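S.K.: Make the full structure from the sequences, and use the hints.
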Amino acid sequence: MMDVALGQRSRAALQFLGSAQGYAGGTLQPAAAAVYEQAVPEPPLDLDSRRASVESVLADCAEWQMDRLVTRWVAEEIYVRALPAVEEIRPRVEKWLEVGESPVSLELNPDREAPAYWEGGFHLTPGGWDGHDLMGTAIHELVFAYVLTPGGVGAVRTGQNLNDQRAKAAREAYRDEYRNIAELGSSTGRFTVRLHQAYPQARITGVELGASALRHGRAYLTEQGVPARLVQAAAEDTGLPDASFDLVAMYTLIHEVPVTASAQIFAEAFRLLEPGGDLLIGEIAPTDQHSAFRAVVLDWETENRGEPYAREAMSMDAVAMLREAGFTEIESYGLDGVHPWVTRARKPQA
Amino acid sequence: MTEKRPTYLSGDERLDDLARMVLELTSEVWVLKDRTMVLEHLLAAKGTLAEAEIDQFQPAAELAAVLRREREALLARVLGALLPSDDRVKSALSR
Ligand SMILES: C[S@@+](CC[C@H](N)C(=O)[O-])C[C@H]1O[C@@H](n2cnc3c(N)ncnc32)[C@H](O)[C@@H]1O
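Residue numbers (the working numbering), protein chains in the order written: chain A, 1 to 350; chain B, 351 to 445.
No lab work stands behind these hints: they were computed from the structure.
Everything numeric in this text was worked out from a predicted model, so none of it was measured.
Incorrect hints may appear among the rest.
Selected chain B positions facing chain A (in silico; Cβ < 8 Å) [unchecked claim]: (1) P356; (2) Y358; (3) L359; (4) A369; (5) V372; (6) S377; (7) V381.
Simulated DEER-style distance windows between Cβ atoms [said to hold, decoys possible]: (8) B:A394 - A:N161: 30 to 40 Å; (9) B:L424 - A:Y333: 52 to 62 Å; (10) A:Y333 - B:T398: 55 to 65 Å; (11) B:L424 - A:P44: 48 to 58 Å; (12) A:D242 - B:E378: 54 to 64 Å; (13) A:K95 - B:P434: 51 to 61 Å.
Think of the CB as a built atom: it goes at the ideal place given N, C-alpha and C, for glycine as much as any other residue.
M.R.: Okay, here's the thing in structure tokens:
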């Protein structure tokens, strides 16, 4: 791991955010859930009615309102604290990012056309994914280590570990061995490492739009001893050759993009796969897999935590879209309950 | 962020602002408390202070008076924040 030791103030202030989120997700939110579930034993099924039902039943519930406010506040405050903290350790970070000879190659393509929805940004990140030259490091190292580790945000519950979830999902592809894996939306390589551990023989190509994430990913994968090729490109138009992979994988990419882009990404995955090749998707479970309260909590992120496409992604019929794209043997199920939600499929033999 | 923020507490933006301020203050209290605990730990580790010394310490008359003045001034500033400014000026000058 990169040495992310921070000064006392930054460390304590970031840890405070993690604990505040842990309390909201671990105490306030379950209390609000209990109030709702007691008041509405048989909640409606469709998302709009669920949202209306939760909003009206919990309109005066202090725990609910405070849980939402704290979650929002933490989401905003993350950048207010993590970006100055990363500046504080800039020389150390830059030295760490300067990877010499390495089995991890990086092809940056500054002229690439990023889709408009990507430029629009996510997660309340100021200026979008590349809004700061060390955004990848700030999020991957500081926010993960100090704020997200206690859990309690979005689909990761308080006390759950988001790296274990990735490791489990990575092992869910149909076969035990792969030779050539393409990972779409690979960001800083957190899932790439898990794919490598699950399929150590495979050559992995990571496709990602964000330059700071890719730069951080190269250093991180080098340090973790994971050989890979990283390419700056859009998942819907990777520029990689037809039929050149036996596995295409993605983890929490789909809820970040509009449904139309998801359809294009599925088509691109189909094109990249050789006949008989496999697809593996780890995501937030579809709306109908959650309790009414839980579905509303996840849906809330759409307007309140910079997840503009969460609602449509959770409501779309991924299985039907994959069938449409030509995939067969489609299976969809949750690990550890519903998160992460795994969807796997196969490109038919010719 | 130029976008208007959603409101969370009874639809009252000012209440949200206040809650944000309370969160920020609690965070600041935590940063200071963390620092004090680190300080005590280091002082003890370096043998400057025995672990229980701060807890068992009884301020002698002179320090007790200083602490009391500071405590009263803090309360006067916080609880006095609702008083008219003339009174607050007078109170500030009297210290
Ligand atoms: C939530 S992150 C997940 C990252 C990584 N898979 C993981 O498990 O940590 C989503 C990533 O997808 C990237 N992304 C979003 N839309 C993309 C697109 N159309 N093409 C390539 N990457 C995209 C974002 O830049 C971001 O790094």
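S.K.: So, for every hint listed, does it hold in this structure?
M.R.: Hints and how they fare:
{"no.": "1", "hint": "P356", "verdict": "holds, 6 Å"}
{"no.": "2", "hint": "Y358", "verdict": "holds, 4 Å"}
{"no.": "3", "hint": "L359", "verdict": "holds, 5 Å"}
{"no.": "4", "hint": "A369", "verdict": "holds, 6 Å"}
{"no.": "5", "hint": "V372", "verdict": "violated, 10 Å"}
{"no.": "6", "hint": "S377", "verdict": "holds, 5 Å"}
{"no.": "7", "hint": "V381", "verdict": "holds, 5 Å"}
{"no.": "8", "hint": "B:A394 - A:N161: 30 to 40 Å", "verdict": "holds, 33 Å"}
{"no.": "9", "hint": "B:L424 - A:Y333: 52 to 62 Å", "verdict": "holds, 58 Å"}
{"no.": "10", "hint": "A:Y333 - B:T398: 55 to 65 Å", "verdict": "holds, 59 Å"}
{"no.": "11", "hint": "B:L424 - A:P44: 48 to 58 Å", "verdict": "holds, 52 Å"}
{"no.": "12", "hint": "A:D242 - B:E378: 54 to 64 Å", "verdict": "holds, 57 Å"}
{"no.": "13", "hint": "A:K95 - B:P434: 51 to 61 Å", "verdict": "holds, 57 Å"}
In summary, the structure is inconsistent with hint 5 from the numbered list given earlier, while agreeing with all the others.
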